[in-house]
Structure formats: structure tokens, C-alpha cells
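Each chain, letter by letter, is given below.
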Amino acid sequence: MADLRSEFIGIKSPNPFWLASAPPTDKEYNVRRAFEAGWGGVVWKTLGSEGPPVVNVNGPRYGVIHGADRRVLGINNIELITDRPLEINLQEIKSVKRDYPDRALIVSLMVPCDEDSWKAILARVEETEADGVELNFGCPHGMAERGMGSAVGQVPEYIEMVTRWVKQHSRMPCIVKLTPNITDIRKPAEAAKRGGADAVSLINTINSITSVDLDDFAPEPTIDGKGTHGGYCGPAVKPIALNMVAEIARSSETAGLPISGIGGVTTWRDAAEFMALGAGNVQVCTAAMTYGFKVVQEMISGLSDYMDRKGFASTADLVGRAVPNVTDWQYLNLNYVTKAVIDQDDCIKCGRCYAACEDTSHQAIAMSEDRTFTVKDEECVACNLCIDVCPVDCISMRELAQGETDPRTGRKVGPYANWTTHPNNPSVQAAE
Amino acid sequence: MTNSQLTPGIVPGRLSSESYCENFADHAPPLDAQEARIAADRCFFCHDAPCTEACPTEIDIPLFIRQISTGTPEAAAKTILSRNILGGMCARVCPTETLCEGACVRMESEGNPVQIGALQRFATDTLMARQSHPFTRAAQTGKSVAVVGAGPAGLACAHRLAMKGHTVTIYDAHAKPGGLNEYGIASYKAPGNFAQAEVGWLMQIGGITLVENWMLGREGDGDLEGLLGEYDAVFLGMGLSGVNALRIEGEARDNVTPATEFIAELRQASDLATLPIGRDVVVIGGGMTAVDAAVQSKLLGAENVTIVYRRSRAEMPASDHEQHHALDAGVRIIEHAAPVAVHGNGAVREVEFAYTKNGPDGLEKMEETFRLKADQCFKAIGQSLGATPEAIKLAGGKIAVDGAGRTSVSRVWAGGDCAVGGEDLTVTAVAEGRDAAEDIHLFLMGA
Ligand SMILES: Cc1cc2nc3c(=O)[nH]c(=O)nc-3n(C[C@H](O)[C@H](O)[C@H](O)COP(=O)(O)OP(=O)(O)OC[C@H]3O[C@@H](n4cnc5c(N)ncnc54)[C@H](O)[C@@H]3O)c2cc1C
Ligand SMILES: Cc1cc2nc3c(=O)[nH]c(=O)nc-3n(C[C@H](O)[C@H](O)[C@H](O)COP(=O)(O)O)c2cc1C
Ligand code: SF4
Chain A
1 MADLRSEFIG IKSPNPFWLA SAPPTDKEYN VRRAFEAGWG GVVWKTLGSE GPPVVNVNGP
61 RYGVIHGADR RVLGINNIEL ITDRPLEINL QEIKSVKRDY PDRALIVSLM VPCDEDSWKA
121 ILARVEETEA DGVELNFGCP HGMAERGMGS AVGQVPEYIE MVTRWVKQHS RMPCIVKLTP
181 NITDIRKPAE AAKRGGADAV SLINTINSIT SVDLDDFAPE PTIDGKGTHG GYCGPAVKPI
241 ALNMVAEIAR SSETAGLPIS GIGGVTTWRD AAEFMALGAG NVQVCTAAMT YGFKVVQEMI
301 SGLSDYMDRK GFASTADLVG RAVPNVTDWQ YLNLNYVTKA VIDQDDCIKC GRCYAACEDT
361 SHQAIAMSED RTFTVKDEEC VACNLCIDVC PVDCISMREL AQGETDPRTG RKVGPYANWT
421 THPNNPSVQA AE
Chain B
1 MTNSQLTPGI VPGRLSSESY CENFADHAPP LDAQEARIAA DRCFFCHDAP CTEACPTEID
61 IPLFIRQIST GTPEAAAKTI LSRNILGGMC ARVCPTETLC EGACVRMESE GNPVQIGALQ
121 RFATDTLMAR QSHPFTRAAQ TGKSVAVVGA GPAGLACAHR LAMKGHTVTI YDAHAKPGGL
181 NEYGIASYKA PGNFAQAEVG WLMQIGGITL VENWMLGREG DGDLEGLLGE YDAVFLGMGL
241 SGVNALRIEG EARDNVTPAT EFIAELRQAS DLATLPIGRD VVVIGGGMTA VDAAVQSKLL
301 GAENVTIVYR RSRAEMPASD HEQHHALDAG VRIIEHAAPV AVHGNGAVRE VEFAYTKNGP
361 DGLEKMEETF RLKADQCFKA IGQSLGATPE AIKLAGGKIA VDGAGRTSVS RVWAGGDCAV
421 GGEDLTVTAV AEGRDAAEDI HLFLMGA
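These protein sequence lines map, in sequence, to chains A and B. Note that this note's numbering gives residue 111 to position 111 of the first sequence, counting from 1, and the numbers run on in steps of one. Note that this note's numbering gives residue 303 to position 303 of the second sequence, counting from 1, and the numbers run on in steps of one.
Just so you know, these hints were derived from the structure itself, not from any lab. These numbers were taken from a predicted model, which means no experiment stands behind them. For glycine and all other residues, C-beta sits at the position ideal for the given N, C-alpha and C. Among the hints, a few may not be true.
[What the hints assert, rightly or not] Dumping the calculated EDC-like pairs for lysine to aspartate or glutamate here, alpha-carbon to alpha-carbon at most 16 Å:
| # | chain 1 | residue 1 | chain 2 | residue 2 |
| --- | --- | --- | --- | --- |
| 1 | A | K349 | B | D48 |
| 2 | A | K94 | A | E129 |
| 3 | A | K349 | B | E110 |
[As the list claims (entries may be wrong)] Simulated restraints, written as ranges between beta carbons of each label pair:
| # | chain 1 | residue 1 | chain 2 | residue 2 | range |
| --- | --- | --- | --- | --- | --- |
| 4 | A | N384 | B | E110 | 16 to 26 Å |
| 5 | B | E110 | A | P324 | 32 to 42 Å |
| 6 | B | E438 | A | Q344 | 36 to 46 Å |
| 7 | B | N244 | A | Q344 | 41 to 51 Å |
[To be verified] Pulled from the structure, derived: some chain B residues nowhere near chain A, Cβ distances all over 10 Å:
| # | residue |
| --- | --- |
| 8 | G287 |
| 9 | K298 |
| 10 | G330 |
| 11 | G362 |
| 12 | K373 |
The following block holds chain A by itself, in its conformation from the complex:
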């Protein structure tokens, strides 16, 4: 069993798996059970200012995208921040933290954009002995219209300003949670860093409409005949989240800024991928909402096995390991030439590779009378589509050695060379 203990911006937890701020962390009852199930930490469901709490809709608040067998691929929600009184939340946080001193307990916050509001809430949170705060600048619905959530997260100047207030008025570590509903994720991350944030966490949910009721002609979830955009999360958003995490991790402006990775983490493997791209830990919401708290056990055993296999002494050995290999397109080696190869023993003759390549790619697969499928090296551009659509994974890529002739171009494979020096690149010619 590998050592999964994690220290993130000075906050210790027995493993790097935290529950994200959301329904699973909405109250003491849930959080105690989550800790009993093995979660390393939680970010408490976002608190608002003192006074009457927000209200939620009383009809359905989730939409869903299903895969086969109704597997949940993505959920969208129109829920707001906590709808329970501040006082009760604070009492519960204090009581849980007292009983679980070894677990990370972060309090998520979203209050109006003025210094006094932030000052007031921070004082209250400090009393709970929570380990830190997370600033929810991400919620894309309901709160944004009131000038909070993603309305702040989409304006880097506001992020910087609020973060600075938080650091000024509190000794607690501060994580800034980013919204993905923005064109360049590096800008808000840079703003958070300028404001003094200890870390960023991302992503919050993505603006979305999951489906439309084709009888009532309304977006789903439908409330009395109307619907609104919600926030999308779950396995479907993972690729978007991974890219945003990587962008921040490899940018020179934000390099070294700790990241808590969020978005579609469902298995240990998802978690390991986020961490390899620079996340110090991960947060999970939809997987817990879909399967219950017990999923963390698979994440713990899976990550542990992986780390043992790799000989990693601690999670720090994994964090950021893939970052140097994320690059820009123009630096990819154009002399890396591969060809698809179909393993005839494993091929089940479904013909999907043929249909894909013939109809939509490069007509590089031949089909014989007896349904034998073979790659025509002289046509194959190595796009990978056949491998992607093969249902039994019997196609692989063979790398051509340097000096070997590519039957498609008739040219010998040369040493590393990228677009920046390619003769077809207009800027190269201009420079000549």
C-alpha cells in the first residue's frame, strides 16, 4: 500500500481525494458519512452571507446525459449555493472538524462583491477552525445574475480584488475556484495569483442545456414548462477540465501555483491523470452523487496500486510529471511517422474501421471478399480513427524507424523536425 498522504497548501489529508463543494458536502450528516467512507477531505457546500438563505427551485434541478445502460455520463444542475441558514452550517462545520482533525475541511464561500461582506463571513469561518476557504467564483447560474459566482470569475480584476480582501482579512489558506465559462483560463488564474491566492481549483460547472423535451418544447430539467441553462459536470467534462489544468500548470505566469483538479473524476485513473497534469489533489462531485461515497475506496486502492507499480514514494512524485510533455502543436515532431496495423488474429471482422476510413478518412483500409481488413500503408496518414472506432482494440500503430521510407510520401523518415522549420510554413519562408 503506497503512501497516499497528501499535503496541499499546508493542509494535510490522508489521501488526495476531496469531495467538491456540492450536495454531498451540504451538511454534517453527509460529511461525517463521507469521512467514515474514507474521503480525505471535503469542501463544504458554498455558504452565502448572513440573512435569509437563497431558495432553490422546487421542481427537478438536474438534467442528465446517459450512455448505454443509463450510465451517467454527465449531469447538469440549476442548484444554487446552500439554502440552509449560515449559523447552522457554521455550527456543523465546527463540530465535524473537532471530530475529524486529520481530515481536510475547507469552507466554500460566495458573498456579494464588497469588502465588508467578505470580512464579515471570514471572521465567522475562522471560528470554526476549518482548514481553509475556497472562493466560489464559478457557479454559472442563479448566483451570477446577482453579481456573484461566475459573474466575478469572468472578470479577472474582480478575482484579484476579492482574493486580496480574503488574504487581508484572514489567516486561512485560500483556494480560488475558477469557472470554465471563459475563453482563456490562464487569465483568471493569473489574477488569483496576483491577489495572493494559495491555490486555484478547477473546474466549476460548464454552462449547458442537456436536452430538450420534444413534446413540451422546453429545455430539461423543465420547471413548469420552462427551463434554464445549468452547470454541466461528470465524466463528460473531464477532457475540458484536464486541458484547463494543464494550461495553468505549464504557463510561465502561473507555474508552481498549486492546483486542485476538479471535473469528471470518477476513478483512480482520472485522478492520476489530473495529478500528472499538475493537480496537487482532486475534488469529486458527480461520481459520489452517482454511486455514493463508497467510490473513494476504488480510488484509494487504484492509486495506491499504481504508485506501487511505479515505485512512487508519495503523491508528490506523480504531481506534474506529464506537464513537460504538454506542448504547442508547432513543436510536435513532423517526422514521427506511424502506420495502423490490424492484428488479424484478434480482428472480429465487423468492418467498422473500413467504414470509418473509407467514408470519412483516407481510404486506407482494404476489405476483401472474405472480410479480411488490411491497411494500405501507401494511403494511411496515421490519423488513429480506425483505432478509435475498433470495438475490440485490435489495431495498433507501428512507428517507422528513421531512414525507413514512408510508402505514402515516398520520403525517408528523418530526424526530429517541427512546423517552425517546415518549408510549407509561410513565416519560415518570410524569414529567408
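Fit chain B with the ligands to the supplied structure of chain A, relying on the hints for placement.
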């Protein structure tokens, strides 16, 4: 209940009434919507799919399964029925393990095919539950066609002709339409009077008149010449109404009967508890009929049921799947043995068999024999063509036809079990009936 499985002789009511219900219930219950979605998701949507090629009616299987998976089972049904109007029955009775499912590429990858038959049933049941008919007739052509035989071949032919706008009269010797769907298929494959429901649904196309209890060649009914005088074309789909004889000593003893007769009686019984069955039943043969007779004897409460086949099990016309179905039901299968005599005093008591081996001139009976106790002996060594109009040329005991189903007599087509070519299966009969209709249509419209 006075009788049990151990009661000697041929008696009814060997089982409790619940056992009859259980034994003859749907042996492959339908998929519900969720099961169908999961099953449908396993389809790879193969290019130029091998399953479609393996289906005698060439249903576009990947397309209909995709239509199920997108929540449009009725569109799926239309895809099926446009190629096979008896897609509902075929979904229940086709030996899919040797047809579409046998060709499924999942057999290659994991030995577990997509449940094509069950999905086909899901789609067609969904559509038929609405009691509406998805096809409409073309404008009437003024041409008329006589179809002899209301089995799968005749029905498929009639439907396609009616759809093209021709007027069709189906003549059948039986009191009910459906052919072997009604009188032959094992009860538990199509329970709930499905055969009649399907014919009723098919007839909704319009333009088809059904004449029952009318036998071609029988005094007072009519003959081929008469039909050719009255109609523009004739299709013969008469199936195989004769039964091959054993040609052994004692064959005429009581309780030695054709398996098909027993099955027909069973299919028409209103109360299975009144149907007598022997304690010891011997079935001679190796095809689907032998299996069905044996399994249903067992389900009626016979204590010992034995199928005896003259060659090896591997050579049995009944598929491996069907053989296992029989073995699972408790039927014993003896291979390499041929009947030589039926013993008994008036009625059969024992059937004597000789062991067989493959000799230079084919199968040889050996000296060694054995006897099996039997209250009842069912003959299932094949059916043969019944009386056929003399002018029609035969080939190998069946009506000779060309690829389009044309017989030796002008304006007469034939298809299904009575015609040469193809396996004797419901689905093959449908394909042949349909294709003959297409050719008749070309002939009628071109002429
Ligand atoms: C016991 C048994 C079980 C079977 N099980 C299966 C199975 O599970 N799956 C499968 O695919 N196939 C099965 N088959 C085979 C299948 O039933 C036949 O291949 C199919 O029914 C042939 O259709 P058809 O239309 O050619 O003939 P039939 O279904 O035999 O229909 C012929 C019709 O013609 C009528 N007819 C005959 N002579 C005359 C005449 N002179 N005048 C007027 N009408 C006449 C008959 O009354 C009958 O209605 C089974 C067959 C048997 C015997
Ligand atoms: C119903 C629901 C409510 C949420 N509420 C909050 C919230 O109050 N505060 C917050 O910061 N994020 C909230 N989120 C976003 C999650 O914390 C998380 O960022 C997002 O779901 C992506 O992670 P996942 O793919 O593991 O679900 C909510 C998500 C869901 C599904
Ligand atoms: S890699 Fe692309 S081009 Fe090459 S065979 Fe596969 S699908 Fe065709």
C-alpha cells in the same frame, strides 16, 4: 389428480394444471424496454453486416437495432417487416444460432452474440401491439392471383402482391390459416395464439381473401387448370403434407404415428390436461420435428422420452442449440441406431433398433440390436410433398423452380417447403414467397 408420470400406458393429466401452464409458457420471454436498450447497445453497427447476409430475408439488422437504441422501435419494426412480413413469428422460431446470431461478430470476440431474435421480437411486438398496419396498398392493378397454402410462403407472397395493388385469394386445406405456424411450431415458441393474431394483422393490408377448407386437387374444390382460368397467376405454397414412412415390420401397430400429427393435435388442444401421452415415448428422427415432439412429450408428463437418430449427433439436422434444448428438458438422445421393427400386441410395446455404422455404400445396419420400451412411437424422419398437379415438374421430390420461383408451368410459381432450394424454415419460406411475388408482379405488369 389420478394420473402421474408413472401411470402406465397413454393417459391424460399426468401433471398438475400449474405444471402445464409453466411448461408451455413463453420459453424465451420478451425483453422489456430497458433490456432491449442494453441488448441493442451491444450491436457494433458492422459495415456490410454478416448477420444481414446470414438472414434468408436479408433484414437490415444493424439499422433496426440502431432504431431500437434511439427509442424508435416502431421504425425498427418497419425496417424488419419491409423485408420479412412475418418478422414477428421469425423472431420467435428462427434458429438464430445458425442464422443471424451465428454470424454476429460478437461470436468471434466473446462467443456471445447480440440478441438479434429477441430484439426483433421487441420491435415487432411493439408495433403489433398498436394493432395498426404499417404498409399501404398501391393503386389497384386489376390483376388477380391465387395463392395455394396459407403458410409462411403463401402469406408472404399474398401480402407482397396485395401491397403492389393486385387482388389475392388464398386457398388453404386447413380450417385455420398459418400453415405450420399454426399446426407445427412448438407451442412454447409462439404462445398466446400468436400465429392467428399475426395473420389477422397481416391481412389488414387489404385486398386478400382467405378461403379455408379448400384443397387443391380435391373433388368439389378445384384444380390448377381452374385456378389458371380464373386468375392471372398462381402461387403454390403447399408445404409438405406427407410423412415419410419407416418401412419396417410392425409400423402399422397402434400408437405409431407421425410426429407432426401429434404436434398439430397439441397445438389445437384447448386444454393440455386432456391430451393423452405415453409413459414411455420413442421419437425416431433427428430434425426440428423430432426435437419438438420429444420435448413436448416430456412437457406433457411422459416419464421416459428418447430420440433415436440413425447417424451421429453432429450430423443431426437439429442444431446443437436445439439438441441441448432437448437434453435440458430431460430427453435422451441415442445416436447411430436405425429402427428395424415395432413389436407389440395390437399396439406398440417396444421398438427394436439396429446399431449403424458408415460403410463403403453409406450407412449400414449392424447385427447388434436393442429394444426400447414404448407406449407411443412418433415418426419424424421427414415430410414429403403431398399430391401435386400432374403438369408440375418435380426435382428430388419437390416442385422444381428457377431462381425467381417459376415452375415448369407458365403463370405458376412455387415457394416454401414444397419447392426445391433453401432450408425448410419459416424464414426461408417467407423469403421465397416474397421473391416470387416480386417476380409475379414484374410478369403481371410487364405482360
Ligand atoms: C414440427 C415442426 C417444427 C418446426 N419448427 C420450426 C422452427 O422452430 N423454426 C423454423 O424456422 N421452422 C420450423 N419448422 C419448419 C417450418 O414450419 C416450415 O419450413 C414452414 O412452415 C414452411 O412454410 P410453407 O409455407 O412452405 O409451408 P407450411 O407452413 O407447411 O404451409 C403449407 C400450407 O399449405 C396448405 N396446403 C397443403 N396442401 C394443400 C392443398 N393441396 N390445397 C390447399 N392447401 C394446401 C396447408 O394446409 C398449410 O397451411 C418446423 C416444422 C415442423 C414440421
Ligand atoms: C448539484 C450541484 C451543486 C453544486 N454546487 C456547488 C456549490 O455550491 N459550490 C461550488 O463551488 N461548486 C458547486 N458545484 C460544482 C462542483 O463542486 C464541481 O466543481 C463540479 O461538479 C465538477 O466536478 P464533478 O465532475 O466531479 O462533478 C455543484 C455541482 C453540482 C452537480
Ligand atoms: S490511421 Fe486513419 S488513415 Fe490510417 S488506416 Fe486508420 S483510419 Fe485510415
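E438 of chain B versus Q344 of chain A beta-carbon gap, inside 36 to 46 Å or not: holds (39 Å)
Pair hint K349 of chain A and E110 of chain B, alpha-carbon separation not exceeding 16 Å: holds (13 Å)
Outside-interface status for K373 of chain B - nearest CB in chain A farther than 10 Å: K373 of chain B is indeed farther than 10 Å from all Cβ atoms of chain A, at 49 Å.
Assertion that G287 of chain B lies outside the chain A interface [Cβ separation over 10 Å]: holds (30 Å)
Cβ separation of E110 of chain B and P324 of chain A, checked against the hinted range 32 to 42 Å: Holds, at about 40 Å.
Assertion that K298 of chain B lies farther than 10 Å from chain A (Cβ): The claim holds: K298 of chain B sits with its nearest Cβ about 37 Å from chain A, beyond 10 Å.
Non-interface claim for G362 of chain B versus chain A (Cβ beyond 10 Å): Label holds. Min Cβ-Cβ 33 Å, cutoff 10 Å.
Distance rule for G330 of chain B, whose beta carbon must clear each one in chain A by more than 10 Å: For G330 of chain B, whose nearest Cβ neighbour in chain A is about 36 Å away, the distance exceeds 10 Å, so it holds.
16 Å Cα cutoff - pair K94 of chain A, E129 of chain A: holds (6 Å)
Range hint 41 to 51 Å (beta carbons of N244 of chain B and Q344 of chain A) holds or violated: holds (46 Å)
Proposed proximity, D48 of chain B with K349 of chain A (alpha carbon, max 16 Å): Measuring from Cα to Cα gives roughly 10 Å; hence the hint holds.
Distance restraint evaluation - N384 of chain A, E110 of chain B, Cβ atoms, bounds 16 to 26 Å: holds (25 Å)
The structure meets every hint from the earlier list without exception.
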